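> Sequence:
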Amino acid sequence: MARNIQSLERAAAMLRLLAGGERRLGLSDIASSLGLAKGTAHGILRTLQQEGFVEQDDASGRYQLGAELLRLGTTYLDVHELRARALVWTDDLARSSGESVYLGVLHQQGVLIVHHVFRPDDSRQVLEIGAMQPLHSTALGKVLSAYDPVAHSEALESDRKAFTDRTVCEPEDFEHILDVTRARGYAADVEETWEGVASIAAPIHDRRRMPVGSVGITGAVERLCRPDDEGALRPELIAAVRDCARAVSRDLGAGRF
Numbered sequence: 001m002a003r004n005i006q007s008l009e010r011a012a013a014m015l016r017l018l019a020g021g022e023r024r025l026g027l028s029d030i031a032s033s034l035g036l037a038k039g040t041a042h043g044i045l046r047t048l049q050q051e052g053f054v055e056q057d058d059a060s061g062r063y064q065l066g067a068e069l070l071r072l073g074t075t076y077l078d079v080h081e082l083r084a085r086a087l088v089w090t091d092d093l094a095r096s097s098g099e100s101v102y103l104g105v106l107h108q109q110g111v112l113i114v115h116h117v118f119r120p121d122d123s124r125q126v127l128e129i130g131a132m133q134p135l136h137s138t139a140l141g142k143v144l145s146a147y148d149p150v151a152h153s154e155a156l157e158s159d160r161k162a163f164t165d166r167t168v169c170e171p172e173d174f175e176h177i178l179d180v181t182r183a184r185g186y187a188a189d190v191e192e193t194w195e196g197v198a199s200i201a202a203p204i205h206d207r208r209r210m211p212v213g214s215v216g217i218t219g220a221v222e223r224l225c226r227p228d229d230e231g232a233l234r235p236e237l238i239a240a241v242r243d244c245a246r247a248v249s250r251d252l253g254a255g256r257f
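Numbering follows the UniProt record's numbering, with no gaps: position 116 of the sequence shown is 116.
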């Protein structure tokens, strides 16, 4: 049987202690409550403080839970609600478009896929929930970068790798793409991340009108693009993706827009 890591157990116990009872606790109170030496308790608190999980009041020197825990908790709740609200609409989008549907959120300078609906055919497909996609080249990532200031900063600070000869890497060109994305309400990726693959994505907003994710379809270029106009996406697919994003946003309380 694998042994637990003692330092992590102590850190978890410390966070639970700070989560209950008094709002702020001093080092001596924390150490005595957990049966730890002051030096040990201080070392754990210092590490938690550096990671943003614990904050120290400058005046009293007492400790309390940090903002990073709130952010993580809110993110979990937002993603859970986002997936729940999107289930029906993403299934409908997959059926109407005939393509794979992806739901993505910002995570560590990339797009985390939190929901994936298979293309409704008999082809062999791999579930990509938990996969990461780049912010600067994918349709999902461009949407997040265009509407979410944090994602925008992350995209500019990240290593914008050229995946194909169509990938846009220069900051000024990337900013222009984001301006276009905001103006038309959706983002496109035509062979910028994968050869022969195109994507369309639109933003999802919550009840505060804040961007909480993006939804899009991905498929072969010949299916998503118009055969008579190279590189131009099929307007009915753009409309379907935008309608899906609006429907999920309304279910999250964003109202009609």
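Keep in mind that the hints were calculated from the coordinates and are not lab data. A hint or two may mislead.
Said to hold, decoys possible - Okay, the calculated beta carbon distance ranges per label pair:
1) D58 to A162: 19 to 25 Å
2) A19 to R223: 48 to 54 Å
3) E128 to R207: 24 to 30 Å
4) A183 to L127: 32 to 38 Å
5) E172 to Q6: 49 to 55 Å
6) S158 to G98: 28 to 34 Å
7) S33 to D243: 52 to 58 Å
8) L34 to T164: 51 to 57 Å
9) V180 to M210: 39 to 45 Å
10) A162 to R226: 21 to 27 Å
11) P227 to I129: 55 to 61 Å
12) D159 to Q6: 34 to 40 Å
13) G98 to A183: 37 to 43 Å
Stated by the list, open to error - List time: in silico SDA-like cross-link candidates among lysine to any residue, alpha-carbon distance up to 20 Å:
14) K38 to D57
15) K161 to D173
16) K38 to L15
17) K38 to Q64
18) K161 to R184
19) K38 to A67
20) K38 to Q50
21) K161 to M132
22) K38 to L27
23) K161 to G185
24) K38 to L17
25) K38 to G26
26) K38 to E55
27) K161 to E195
28) K161 to F174
Being a predicted model, the structure only gives us computed values, none of them experimental. Backbone N, C-alpha and C define an ideal beta-carbon position, used for all residues, glycine too.
> Looking at the structure, which of the earlier hints fail to hold?
Of the numbered hints, 1, 9, 11, 13, 18, 19, 23 do not hold.
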